[in-house]
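Asker: Chain by chain, the residues run as shown.
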Amino acid sequence: MPAVRFLIALAAVVALHFVGARISDDLPRLLDLFLVMVVFYGLQGDLILGLAVGLLVGLVTDAVTGGLYGLHGFADTIVGYGTAYAAQRLVIRRPPGIFLMFALAAAAQQAILVGLVVMLLADPALPDLTWMLIRVAATGVAGVLFVLIRRRSLKRIEVWRRSRTSKLK
Amino acid sequence: MPGTVAERRSRWLLVAVLALQLVLLSAQAQTASGSSRLEAFFVRSVAPFSRAVAATTGFVESATDGMRLRSTLEQENAELRTELEQLRRERVEALGIEQELDRLAVALDYTAVPRGHLRVADIVYIDHASWLQTLLLYVGDASVVRNQAVVSADGLVGRVVVAPAPYAKVQLVTDRAASVGGMVERTRRQGVVRGSSPGSLDFRYVPLQADVRVGDLIVTAGIDGIYPRGVPIGKVVEVRPGDELFHEIRLTPAVDFGVLDQVYILDRMPVPDEVKETDPDAGG
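First to last, the protein sequences are chains A and B.
Each residue of the first sequence is one higher than the one before, starting from 1 at the first, in the working numbering.
Each residue of the second sequence is one higher than the one before, starting from 1 at the first, in the working numbering.
Any given hint might turn out to be false.
[To be verified] Computed footprint of chain B on chain A; a stretch qualifies when at least three of its residues, placed anywhere within it, have a C-beta under 8 Å from a C-beta of chain B: (1) 6-15; (2) 21-35; (3) 145-154.
Quick caveat, the hints were computed from the structure, so don't treat them as lab data.
Glycine is no exception: its CB is placed at the ideal position from the N, C-alpha and C atoms.
Bound-form chain A, shown alone (with noise of 0.2 Å):
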């Protein structure tokens, strides 16, 4: 089940992502969701769960980019296992611990990405520092507003289960 719930909000992130494209060119620049449902992924603390979610989301999001086939594949592995290794550490339940995980998460990201980059190819095309710090901020903010919707509809429905059940009886 938990396989079939993760294949299912891939799928609603690669069509978000081609939505997206569709209204805007910069919307891609601007908010990487493949990388928020990596970090969200990480935040559960399984190392595994990260190393695998964030090997397997990347080569999909390498699948919509160009260029060599993998550099997200290799980013979002290091980026799903570091965010795992950080949530058995530390307690992450504030917004703003939520944000910082999530932004350093994409910081971590865009520098493994240009370090990749770097080392593999000979006349190699940064991305533009501007929009790179956009994108941290955006990215973090996202994610602060995806957790916290998902927290509090996990909630109301926790509400209306015990509501129905006291009923019941």
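Chain B: place on chain A using the hints.
Answerer: Just chain B now, with coordinates in the frame of chain A:
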């Protein structure tokens, strides 16, 4: 660093996965080939989503178009009729020139490179926002192979880099890793066109003594085994003397990638890599 057995195992797994990916990435970087079975699998998996999004937005756009005012349509119709008339005249002139060329070719016993046919393909996703620029085409059952040229009515778009049926991934000419043999249409001076900063191109290896001016049209030279001769690549917008022996020439692409929704795949087969890489001294 101490840790539980599970943690240590996961660390080794991470190292193994990263090492494997690094090896694959290095291999790709060395061969300059972005295509692999793994990539083909993932492209095939995600492409239906982009096709669905493209179809939905296409439906919305056509519905909006359908609601346009009649006067706008009448005006557009008149403009299109004028354009059609002009194109018909140009076609007749071009046919005359083509026949004359054919007669000359026969007289000189000249074997021309086959021109090939153009096949229309719908774009389902275009990625010109990230640093590395590609687009995804839906090609259906048609057989498409790596290195087939992709053009639009305005000029050169790029080349197919991976073709997991029914999709084909195209590397845009503006991608930093793309290079095309080009020439100045006015003087026939050859050079190499490379992708540059987003939305622009560099025309390299043109000697300082060569005559290149702002406004010159750069077309494909047909010397790279992939692209046919004479397809517009871009216009010169800046010419500066470089540090070494060559000009620094900046081009603006002939194609506006922001408005593309259909392209043409050239059916002419590219020169196989093994033929291009044959050693002339090897004999045989």
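Asker: Could you check the structure against the hints above and give me the numbers of any it violates, in ascending order?
Answerer: 3
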